[in-house]
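Chains as they are written, first to last, in UniProt numbering: chain A, 1 to 776; chain B, 1 to 776.
Misleading hints may appear alongside valid ones.
Identical chains share a label here; the pair holds if one copy fits it or two copies do between them.
Taking lysine-lysine pairs in the DSS-like style, the calculated list, with each CA pair at most 27 Å apart, reads [claimed, not checked]:
| no. | residue 1 | residue 2 |
| --- | --- | --- |
| 1 | Lys-769 | Lys-647 |
| 2 | Lys-68 | Lys-244 |
| 3 | Lys-520 | Lys-445 |
| 4 | Lys-172 | Lys-113 |
| 5 | Lys-190 | Lys-244 |
| 6 | Lys-540 | Lys-172 |
| 7 | Lys-540 | Lys-252 |
| 8 | Lys-314 | Lys-252 |
Please keep in mind that the hints were generated in silico from the structure rather than gathered at the bench.
Number of protein chains: 2
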Amino acid sequence: MLVLAAAVGTSTAAPSSALAASAAANEAAYSAVDPFIGTGGEGHTYPGATVPYGMVQLSPDTRIQSRKDGYGWAAGYRHDDSTIVGFSHTHFSGTGHSDLGDLLLMPTTGELKLERGNPDQPLSGYTSRFRHATESAQPGYYAVTLDDSNVRAELTASARVGMHRYTFPAGKPAHVVLDLRTSMYDYPGKILWSRIRVRPDGTITGFRETRGWAPGRQLYFALRFSQPLSGHQLHDTEQDVPYKGFPPPGEKNPEQRAQIEGRQLVAAFDVAPAAGTPLLVKVAISPVSEEGAIANLDAEAPGWDFDGMRAAAKQQWSEALSAVDAQGSEAQRTRFYTALYHTLLGPTLFMDSDGRYRGPDNAVHQAKGWTNYSTFSLWDTYRALHPLATLVQPPQRTNDFVNSLLASRRESAHGVLPVWSFHGLETWCMIGYHAVPVIADAYMKGIRGYDADEALQAMVASANYGPYDGIAQYRELGYVPIDEEGEAASKTLEYAYDDWTIAQMARSMGKSDVAAEFNKRAGNWKHAFDPATGFMRARKRDGSFREPFDPSASGYGSDYTEGNAWQYSWYVPQDVAGLAAAHGGNEKLMARLDAVFEAKVDPSIFAHMEDITGLIGWYAHGNEPSHHVAYLYAHAGQPWRTQARLKQIMDTQYAARPDGLAGNDDLGQMSAWYVFTALGFYPVTPGSNQYIIGRPFLPRATLNLPNGKHFSIVANGLDDAHAYVGSVTLNGRPLDRAYLTHEEILAGGELHFSMQAEPNREWATDATKLPYSMSR
Amino acid sequence: MLVLAAAVGTSTAAPSSALAASAAANEAAYSAVDPFIGTGGEGHTYPGATVPYGMVQLSPDTRIQSRKDGYGWAAGYRHDDSTIVGFSHTHFSGTGHSDLGDLLLMPTTGELKLERGNPDQPLSGYTSRFRHATESAQPGYYAVTLDDSNVRAELTASARVGMHRYTFPAGKPAHVVLDLRTSMYDYPGKILWSRIRVRPDGTITGFRETRGWAPGRQLYFALRFSQPLSGHQLHDTEQDVPYKGFPPPGEKNPEQRAQIEGRQLVAAFDVAPAAGTPLLVKVAISPVSEEGAIANLDAEAPGWDFDGMRAAAKQQWSEALSAVDAQGSEAQRTRFYTALYHTLLGPTLFMDSDGRYRGPDNAVHQAKGWTNYSTFSLWDTYRALHPLATLVQPPQRTNDFVNSLLASRRESAHGVLPVWSFHGLETWCMIGYHAVPVIADAYMKGIRGYDADEALQAMVASANYGPYDGIAQYRELGYVPIDEEGEAASKTLEYAYDDWTIAQMARSMGKSDVAAEFNKRAGNWKHAFDPATGFMRARKRDGSFREPFDPSASGYGSDYTEGNAWQYSWYVPQDVAGLAAAHGGNEKLMARLDAVFEAKVDPSIFAHMEDITGLIGWYAHGNEPSHHVAYLYAHAGQPWRTQARLKQIMDTQYAARPDGLAGNDDLGQMSAWYVFTALGFYPVTPGSNQYIIGRPFLPRATLNLPNGKHFSIVANGLDDAHAYVGSVTLNGRPLDRAYLTHEEILAGGELHFSMQAEPNREWATDATKLPYSMSR
């Protein structure tokens, strides 16, 4: 009663001061983000404007590259470039492969140029030089001065709308070029069809259909200018068309054209902004139709309030980032909040304001009561990004993800959950059926706002779809045979883990037959283990391992997916104890792990593999198969060795500078690893509801949980010289195990670390209190 | 009262006997049709199965030709071919240009062949030889035996569904090939994108997007087999794709594929029909989506009743053909009913069963309260086909046509009515804004089930759309200048006529300002008239006629559209009296007309012009600019000369054999000319509500009018030797003018001709009773 009275008594004052404090914290979190981190090196992030999980990612593209040369430009922008081609409206954050870069806009002045030109030859096209000194980027906002035209360009975004503010220099003809020919990456024939239409009310609409990473992808748009145009031109620059049809009105007069269709379209719009009045351009995209894009534009940007849209984006980001109140040095906070920011860039909204979207059948569907998302980079993100979302986002977000996955499966010609999908379409990129652990992790955590029976059916169907990547053989043999399917060792290992998550969920649902079947399949990793070499290897159909065997070999045709035996041989997250037993005990496993980290490796061995980066010995932090490895010492009862490895990784693989990511951010998985590890724990085995405790890297961090509770991680005595965990308490009581449960976090409270200079070789070594392993 | 009593008294008996008589007449009309007429020569009709105005035209394709060689195969079938490639689901009837030929199915046996092969090399592909002896064609039904496989193939159709019945020989592997690579015409890059999906329930769906005559045309389909498949294969035969993406499941095993996307797709389905059980295949098409196609299939063909669908098609045809009860010789009736049949093949339905369709913006729209049609070959069909529909079809049909035109204009980027559109899309083929006279003709005839104000606005907007074909200059100068726009004389003349119809309708609506403006424009034909040569010619912007002038010259770059000065100089249907005056009087005009018909012309002069055929002197009955010419003598007060010319044309330009059409049927315009002329009158000036009386070619014909009344044309004493009109009565009263009004026909009654051997040079010569001319 006293507590209640006190609460009532302060009900008028406390909330407002709490709100003020919260607003200040939010502002601090927002300000800590540096969107340029990851735009150098091979991080492949973009610095442009978007909102959390937004459908529009409006960002500068510094070069348009062919597929052959395009790896470094997967997000359109490279920090070491000095040119900007234009601002396009869709981007991936951190992919190794690419597509998107839709609807490139570029403001220009003077003589109109319709070709982008050669970025190495200034003024050869509409591409402009720029300097980083003129750039500014914050979540939801980007600005730069285009030196060749002296146009100041600012960008902001809402969920489905990108808004541009162009301040033109006075006294020169001003144009905005809309180029539908460019994308990440370019190659001949990529544009299947496209359209630009100038409507009587001045709205420009259109669509583009591309054959890129996703086949036959359609994207519609609607664009408006803040002032009437003084002219326009619509051009089709395709040459040698076998049959162009009959000429439409304006064929000879591009400025008379009301509509143009073709495969190489570019438009130019002439503007005469009044002195001191910037030109605003707002662009909505839609998966469905031009009308859908117009409706999105009307819904999200009815007026011309650039600053208002920017403030709204800031507000959304501030709220989302406030899920964690992280303390530490400015560099620590920049790294942390930028990482958290990067984890909120995917999956991305893929639905019109009326709930319609396009599915993997390329047909239009209606979401009722849920929000459709796409951009599921599941091979990456099931590991830590989706588990992180269960802590830093409301459960509704994960429910929407799951409902999106289930809808996609219903609409799939193959009857399976997405593998790697974006803009609704399946790319079949990477391996595994990793939508399965995303759903199982959600279910096991009690996030169940979907039809669980349908979900389990979808998971089982995906795990049993024979035509996909050797599953028929996997079901027959218990492993994927390398003589019938490439990268077989990786597939066997990842299938076995995914199977284990099905068993977990089925058991929880009381479906013991399904649980038994998939629990058995979860042990299939053993078929890949070669006791003679201590590596996971690929067998042939006859049961023998493929020879010759080179544990350093990677690449297409090898036993592994983006890795080699040194990297893939530890992928048994569901049964690290079993893995240790296979090696002859924990000590032997840990010796092997040490050998991974301490090997002398010439990085040129991976010169042919773009994604294997961030090397520490064989450990490749730049790619996902390594992400759980440092935590495995904790499973083996020696968490101090995990602590040492984490310091090694954090010290070398992340920095608060453009090239501060050791590899592709992979739609936030690299950053999710950082967020978890900085907090002090990591979900090695999604579906177990356990987070393996590593060590904290921040003096204090508080998770402001979706349920309204708060879970703080305090690292007493933490500094660079005190990098080991001495002791741990949870809510004041000693914690003598190296894992936390999801329920413990959700209950709120405080996890307190006492840090020390030397390893504590006793803490959390009790063999009866080791993290989950299915065979333990 | 007696009449009423008599009617009541016979109310139980008469209707049933009337129905029986009607059914017999319907059957006779149906049986008289020979769908092979026009499939030889350059008629470009198809012999396959469709229903009146149906969306599906399921017909054999004898060769797949490139655009260069494709003119003769515009409808897919040429009667002098001896091979069949397969049966595709969409065809134009009688076009000179082409597209369509979507979704080619071919039953085969034995070794599977996925390529169509060379028709000149038997068995080189799935193309089969056939003989006409095995063919049978009736409205809504087609059958043939494929000699190479010994498969009996029968086709029938409903509005949106084609049904195939394949009887395979026993004991051989049986397949059905679905080839999405073929069309009328083929050329590289025509297929922009396509998809085939095998759904778990056995339904095959997909789509194809083509860049043909219409740009970016999407067509969706759903296909079902009457029995489970024993296997399937999905192939993409495209070579040298710059980027194919990641391989989908079944990439190496076409029989495992559930879906395939690409630009060169072919599927094969394996069937094992029980002995004596034919395989049925039903295919629905949709402008909207695969789901739309499935819904169309469910709506129109829920079961497997081939004979029932065939009977329903026959019933629809019998009813439609019963609009005229034509008597005469078997050859006369075959020619007449086949012509009537051909007039009912377009425009074609373009709407799903739920009312959704695709417009010229390629977006999906919903028709509410009307039915959407497309395939508007308006340069041809405004002349006689649309006027005929006002007599032989319920007004609702014309209202639906008008509402379709208006909807298309609302959805048009250009804000104009269709020019030449099909499958919703504008092709900009041919010249003029001839949707305008179609609407005006309907309005003037009291067919007004649309928003007349919107209609007039649409007509004016179309007539004023500057970027189209020199309209800006036409509005400025009163003519289209040849130095700025090709085929300028034709355009000036046709615009002027279209303008006159706007004036007619505006006046009727009480919009005197619009009427005055367009009445003035209707006189613009005078700007094309060159008194020095007596020809219509093209002027330059400076007002002078372009020199040098060759009245026999035609072709691209000439003053005329598909014609020369001899053919185009009589196109003033709104003011024949004015034209005569310009020539110096009726006699001088008629002397010029005689010179047209009696010239000695080497047909090779038109070897470069595919469409100028059916020559009588310069008169080219095979193309539309000539169609009104023979009737102009009647305007000049000498109808007997019209009668003579009509006999000359009817005797030489139509025959009851495959090559019996003198030129492209042009979506029924050639046939509509025949129907009108055989009945005895022709709408020279749609919008005037007058039909010019020529002479009857049938001894008796009765129009069973949509209003329930009957209008009979009786030709007393008619035979080949009695080819002139002696006297005429209308409902027993002498008719001393050479025209009928629409109202006179609709009132029912009898038009009685007394035929004689010699011309009656007195009848209908009264200068005060000549047909309408605006200056009279």
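Looking back at the hints listed earlier, which ones does the structure fail to meet?
-> Hints 6, 8 are the ones this structure does not satisfy, whereas the remaining hints hold.
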